[in-house]
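Starting from the given sequences, assemble the full structure and let the hints guide the process.
Those protein sequence lines, which keep their order, are chains D and Z. FYI, in our numbering the residues of the first sequence are 1 to 442. FYI, in our numbering the residues of the second sequence are 443 to 923.
Calculated directly from the structure, the hints in this document are not laboratory data. Predicted model only: the values in this text are computed from it and were never measured. Check the hints yourself; a few may be wrong.
[Claimed, not checked] To spell it out: a stretch of chain D is covered by chain Z in this simulated footprint if at least three of its residues, at any positions, have a beta carbon under 8 Å from a beta carbon of chain Z; those stretches are:
#: 1; region: 65-74
#: 2; region: 84-92
#: 3; region: 260-268
#: 4; region: 378-392
By construction, the Cβ of each residue, glycine as well, lies at the ideal position given by its N, Cα and C atoms.
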Amino acid sequence: MNKQDEAQLKELVSMVLSNAKRLGSTTAEVGISIDSGLSATVRMGSVETIEFHKDKTLGITLYKGKRKGSVTSSDFSPSSIQSSLEAALRIAEYTEEDPFSGLANVEDMVRVIPDLNLYHPENVTPEQAIAWAKECEDIARAEDPRIVNSEGATFSTHNHWRVYGNTHGFIGAYPSTRYSLTCGVVGESNGAMQRDYDFTVARDGHDLESRVVVGRRAAQKAVKRLGARKVKTCQVPVIFSSEIAHGLLGHFIAAISGGSLYRRSSFLLDHLGKTVFPNFMQIREEPHLLKGLGSTPFDLEGVATRSHDIVQNGKLESYVLGSYSARKLGLKTTGNAGGIHNLVVSHGKLDLNGLLKQMHKGLLVTDLMGHGVNLVTGDYSRGAAGFWVENGEIQYPVEEITIAGNLKEMFLDLVDIGMDIDKRSHILTGSILLEKMTIAGS
Amino acid sequence: MTSNLETANRILLEPAGLGDTELQRVLSKVLGHTVDQADLYFQSSRHESWLLEDGIIKEGAYTIDYGVGVRAISGEKTGFAYSDEIILPALEQAAMASRSIAHQGGQNQIQVWHKREVLKPFYQEEDPLNSLSEAEKINLLRQVNEEARRLDHRIKQVIVSMAGMHEIILIVGSDGTYSADVRPLVRMNVSVIAEENNRREQGTCGGGGRMNYQMFLHEETALNYAREAVRQAVLNLNAIPAPAGLMPVVVGPGWPGVLLHEAVGHGLEGDFNRKGSSAFAGRLGERVASPLCTVVDDGTLPGRRGSLNIDDEGTPTQCTTLIENGILKGYLQDKLNARLMGTKSTGNGRRESYAHLPMPRMTNTYMLAGDHTPEEIIASVDKGLYAVNFGGGQVDITSGKFVFNASEAYLIEKGKVTRPVKGATLIGNGPDVLTQVSMVGNDLKLDRGVGICGKEGQSVPVGVGQPTLKIDAMTVGGTSQ
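Pasting the structure below:
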């Protein structure tokens, strides 16, 4: 893919849009994704798989008045596009008038597409990918004699082009890249095995953490879990380590997203302007962070993304909306069709060790299992593994327990956020200390 | 009945002018390197979905996708490439990429193809998308919506979705495989919100299978999904916090079989056992469950969501006994892992699509019935949890720890089911949990057909089932102590 290909794709988008109009649709929008990449896995020192990825999709949504029809296809040939358009129009004859449906408002379209430094193409050969994965796994396996087995290490590259246009006359395109290295190993002692993994991910391959760091961390994490036991059922403070803490913020975002709100399936219904976190808490969306993992110049509807406060001094300042849910709620889009971009969460002055001291006695959670989050009620109950903490220090690893509470209360009872921000997620947060949760164990 | 091979040929090969000569040429290219085995997986899929929300048919979507994946296996190594265009140059390019896993100088030959028809199919090959007219589909969604709203004035929100898929696949391998399958799949989901005194609760129900949309009309099946979703939502309005801690748990029949899927199913997949990373590795012949437990994986159940005539490597599916009277009997295998472990594929090589590599996956996993009535089982518990409906689950196959989330559960007090409790996660250890099974019900049921299993980023449809089970001790993750 290059600039010339991009021009061709833009031409294709305008062609589809004008054909949509010609066939009788009132308005239409078209998105194209072109993806390619390579992934190599090495296990126990030998190559396990090399996979070459190459995908393209064309998505058309058109409206006949206020009726909607959508079609997705991987075939870009003129005859296939023609039949896709016909299929979408046929669907629009059966869907019903929805007064809130349609394209985003024309004045919300992005005017100038900022360069967010997301595209760092590199010609990684399979041999290089294999060598890097192998080095990482070798280091992990050599790190500790208790590492007895491996799930392998994988190096992946991903190139993505996105082109979007609609009948407002808007067409935008931008490319992005993503590189990652993941390593998973198995430790054993006294006949019991524990696995863990570690990874690094970046827009620019040069920004990846070193193979040594990833390999060592994977091994150390697996070994630290050996000898894990249950704890007695109790109520204690809990720290969500930074590598999983973004999940809590993810639930928060889901609860203030337009879809959950207009469906009345959120525990934060009608909470705009209300206190949802302690007053030291600030949460801001920053869609334009250079090289950001969630950065994007415009959302799924071509709406300009922009920085905005979501939580200020603990108060909910903004929902997370696309045009459709915004219209349903009588509000304006926040440029979040397709979700949140980057989320920046405020933090205190302590690192993870400091948080452990502050907690004194409780549970440090490093791994969560299952889907026990009910966004309608906020009820939270998930499998967990981590470490028991006493006198501000880690005592022993813990497993086969659950942690439970209600997200609304958990958010309000948040005690502190560490400065150990995990940069591998588009939700940038440190470890989170909560006042208390119920631990179920033996 | 038309021939699956003819259908596959007409849809997948003829438009590109591909015949035996071309396919042989492509496979020979792959075998030009030191490759033990190579295969081509052609796939065409058509998918549609309809959504009713706020009382109106809001969305309809149609997806068409096709392509071909080329896999080269050399020892334990796999090279894989694919194309979303079925044309010879793209196929040859994918072949060249996939063989880069191995060195030049291959000696292997393509085996003579056994062009095998599916003689006794487990589902009809007709396109389910055409089994109802568009007007009938929409009318059905409306009826379901009206039924849900009619049943209880506390129902404030109803979402009904219906989806159908028709897939045609062809697998051509250097090992003589030449098989085709035509696979229908339909699904309906109803989700409702009940509201009372500022409290809101959700209820969901759905079903489906390798059938056509007519199944939803049969015996008011679709309306029953609405009734069930409403019942759950309203019930949960009165649920009290679930207990926390170790206690006896009675797990209901049907969909709660997700317990088996997580606790033992994944841990018995061939890849994890070949690599030795499963908590069940090397334990064939050992006791892993109470003698009351016999667990099978069966891809041959007619019309079930997890069923397949052949797996995605062309191997006919079968009923594989995993655990018999508590003894571990077998693993689930695809071709690669079976060969490396010196055994045969059990017809469990599955893949999400042409763009994904196959691996050992479950089909329909269930436990056979026992002797006790569900009433006897509940009456035997002094204080515990009765969990009858579940969301999903997850497992760490290495430590063996697994979870599954109860969405409808009750307290058992002095042998009687008393109050409904809020949803809670249950956690246990896969290799231990079935040793704790002290009673097995005579009420074996399979799920309604909505299961999706995820593994290494790939989703495939699966089924589960079980009779009522009593587990003597399991950790329940509620908030009430």
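### Message
Is the listed coverage of the region 260-268 of chain D by chain Z valid when you require three or more residues with a beta carbon under 8 Å from a beta carbon of that chain?
### Response
holds (count 3)
### Query
How about the region 65-74 of chain D: do at least three of its residues have a C-beta closer than 8 Å to a C-beta of chain Z?
holds (count 7)
### Message
Under 8 Å between beta-carbons, do enough residues of the region 378-392 of chain D, three at least, approach chain Z for the coverage claim to hold?
### Response
holds (count 5)
### Query
Count the residues of the region 84-92 of chain D with a beta-carbon closer than 8 Å to any beta-carbon of chain Z: does the count reach three?
holds (count 6)
Of the numbered hints given earlier, the model fails none.
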